[in-house]
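There are 2 protein chains.
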Amino acid sequence: MQIMGFNDILTFYAPRIETALCGCIADRGLAQQTVADAMRYSLLGGGKRLRGALVLEFCRVCGGSVDKAMPFACGVEMIHAYSLIHDDLPCMDDDDLRRGKPSCHKAFGEAMAVLAGDGLLTLAFETMLAPQVGESVSAQLALRAAGELARGAGLYGMLGGQCIDVEKEGCLPDAQTLKQMCTLKTGALILAACRAGCILGGADEVRLCAASEYAQALGLAFQIRDDMLDCIGDAKTLGKETGADVRQGKTTFAGLYGLARCAEMVAELTQQACAALSAFQDTAALATLARQMETRMQ
Amino acid sequence: MQIMGFNDILTFYAPRIETALCGCIADRGLAQQTVADAMRYSLLGGGKRLRGALVLEFCRVCGGSVDKAMPFACGVEMIHAYSLIHDDLPCMDDDDLRRGKPSCHKAFGEAMAVLAGDGLLTLAFETMLAPQVGESVSAQLALRAAGELARGAGLYGMLGGQCIDVEKEGCLPDAQTLKQMCTLKTGALILAACRAGCILGGADEVRLCAASEYAQALGLAFQIRDDMLDCIGDAKTLGKETGADVRQGKTTFAGLYGLARCAEMVAELTQQACAALSAFQDTAALATLARQMETRMQ
Chain A
1 MQIMGFNDIL TFYAPRIETA LCGCIADRGL AQQTVADAMR YSLLGGGKRL RGALVLEFCR
61 VCGGSVDKAM PFACGVEMIH AYSLIHDDLP CMDDDDLRRG KPSCHKAFGE AMAVLAGDGL
121 LTLAFETMLA PQVGESVSAQ LALRAAGELA RGAGLYGMLG GQCIDVEKEG CLPDAQTLKQ
181 MCTLKTGALI LAACRAGCIL GGADEVRLCA ASEYAQALGL AFQIRDDMLD CIGDAKTLGK
241 ETGADVRQGK TTFAGLYGLA RCAEMVAELT QQACAALSAF QDTAALATLA RQMETRMQ
Chain G
1 MQIMGFNDIL TFYAPRIETA LCGCIADRGL AQQTVADAMR YSLLGGGKRL RGALVLEFCR
61 VCGGSVDKAM PFACGVEMIH AYSLIHDDLP CMDDDDLRRG KPSCHKAFGE AMAVLAGDGL
121 LTLAFETMLA PQVGESVSAQ LALRAAGELA RGAGLYGMLG GQCIDVEKEG CLPDAQTLKQ
181 MCTLKTGALI LAACRAGCIL GGADEVRLCA ASEYAQALGL AFQIRDDMLD CIGDAKTLGK
241 ETGADVRQGK TTFAGLYGLA RCAEMVAELT QQACAALSAF QDTAALATLA RQMETRMQ
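Protein chains in written order, with the working numbering: chain A, 1 to 298; chain G, 1 to 298.
Hints were generated in silico from the structure; no laboratory data involved. The structure presented is a predicted model; accordingly, all values stated were derived computationally and were not measured. Check each hint, because a few of them may be wrong.
Identical copies go unnamed one by one, so any copy, or any two together, can satisfy a pair.
Unchecked claim - Simulated pairs of lysine to aspartate or glutamate, DMTMM-like, Cα-Cα distance not exceeding 20 Å:
| # | residue 1 | residue 2 |
| --- | --- | --- |
| 1 | Lys106 | Glu167 |
| 2 | Lys179 | Asp27 |
| 3 | Lys101 | Asp226 |
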C-alpha cells in the first residue's frame, strides 16, 4: 500500500479499512443473520476510521507493512463500533441517532443491539487472532498488539471511562474527574491504537513512548473538540444531535472551561502531539492529522 | 499442580480457578469501582467452572502444564460469565435470579450490567493476551488458543446461538433448529475450551479432532440435561427458577422429546464422549465428567 505524498490519512485509509471490514461479516445465509445484519449496520457505512488509520500509519512510519496491520485496524474499529452501540442503548445515553441514521437498537431492537455490540467486540479478537494473522505478522507481535487493544478497551481503559461517565451524570463538573474520564473513555483506545501500530511495525521502547505522548495529546484534543462540536457543530454534518450534552446534564470541557479556553487547549495539545513526532521520520501525515483537531467539524 | 487419583475434576479445579479469577479484578480503590464490583459479583462465588476445568484437564492429558493454561481457563469462565449477565437482561430473558442471588442488573442496575458483561468479555482477552502469558506459553500457542475461544464465543459460535434463541422464542419446536441453536449457544464454547486446552498442551490434529468429538457430545448432553433440570430440578439446588423455559415459551429438548427420550439421548451422548477419549491416556476424570451429565442435579 503506497501512501507517499498523501497528506490526509483519514481520506486515504478510511475506504481501505471499510473494504476490509466489509469482508469480516457474512452478508447472507446465516440462521443468525439478524445479528450479523445489525453488526454490519453499525460497523459499515460511516465513521472517520481515526483509530484504524492510527494503527496503520504508526505501523508504516515504524517501517512495518500496512497490509499486515489491517486486521488490527479492523479490530480497533470493531471495538469502537461496539462501544457506540452499547453507549446508545436506552439504559445508557438513550440516543436515537448515530452517524445520521437510527441507532442500532432503534433499527433492530434492544436485544439485537446488545448482541450486535457483543458480537463486534468478540469479532475484533477473532479478526486479530485469526490463524492467517499469526502467519503474516510474528505471533509474538500479534499477541502484544492485540493485548494492547484489549487493555485499552477494558476496565482500566475505555470501559472504565464509560463507567465513570455513567456515574457522574448530573453531577457538577470537576476538572480532574473530567480529564480522568476522558483519558480513559476516549484516550485509552486511541493510545492503544497508536501503540499497537508501533508494535506491529517493530518499534523500540523509545518510539513506543513517543507514540504514547502523541496519542495522549491527540486523544484529549479530540475529546475537547468533540465537546465543542456539541455546542457549535451542525447536526447534519455531525450525523448526530447537537446540544445533547447540555440536555443530559453531562460534564463536558465546553461547559467547564468555555469555548474560547477549549480552543486554546486544543491548540496547545496539537503542539504537544506534533513535538512528540520528532522520534519518527516521514510524519507529515500524522502532524496534519493532529492539526485537524483544531478545525474539524465532524 | 498434582491431580493424579483425583477423579472429580470439577471439585478439584473449581476452587483453583476461583482463586485465579479473584486476582483478576481490583477489589477497591478505582474511580470505576462500581463496574469492577459488578464484574466480581457475577464472576466469583459460584459456577461449576466446567469450561475452565475442560481447558485445564485437556491441557494436562496432552502433556501440558495446568498452571500455564490457567489464564485461558479464567478467560473462558469470564466469557461464560459475561454471556449470563447479558442473557439475564430485561431485553433478553429478563431473569431476576442467577446462582441463587439477584442477577447482575437486579443488583447493580441495567447500565452497570451491560458494562459488567462488556468488561468481562474484554477482560477475558486481556487475561489471555497478558505479556506474561506470551512468556510462559509460546506466543504461537497462546494466539491459537485465544483465537479458538474468540471464535467459540462469537457470531459463528455462542453469540450466534443466542441470536437464534432470541428470534425463536414463542415458535413451535423444530428439532433441527433446536439442535443447531444448542450446538452454537452451549456447545461452541465447550468445544473451544477443550480445543484450547489441547492446543496449549501441544496436541496434534488427531487429538484435536478427538477432543472435538468429546466436546460436541458433552456439550449437547449438558444442554439436554439442563432442559431436563428446568422440569425436574430444584430451584434451590440449581440457584435459579425452574419451569422458566415453559413459561417463556422456549423451545427445549424436554418439550420436544419428553423426559424419558431426553434421558436416553444423554446416555447415548455420554457413550460417544467416552469413546472419543481413546485417543488420549489418563482420561478417567474426563470420562467421569461425561458420565456426570446423566445424573447431575445442578
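How would you label the pair Lys106, Glu167 (within, between, both, or neither) given a Cα cut-off of 20 Å? For Lys106 and Glu167, the Cα distance is within 20 Å only across copies (17 Å; inside one copy 24 Å).
Have a look at Lys179 and Asp27 and pick one of within, between, both or neither, based on CA distance no larger than 20 Å. So Lys179 and Asp27 fail the 20 Å test inside a copy (40 Å) and across (23 Å) alike.
Using 20 Å as the alpha carbon limit, work out where Lys101 and Asp226 are close: within a copy, between copies, both or neither. This pair counts as within: shortest intra-copy Cα distance 19 Å, inter-copy 41 Å.
This entry does not satisfy hint 2, going by the numbered hints stated previously; all others are met.
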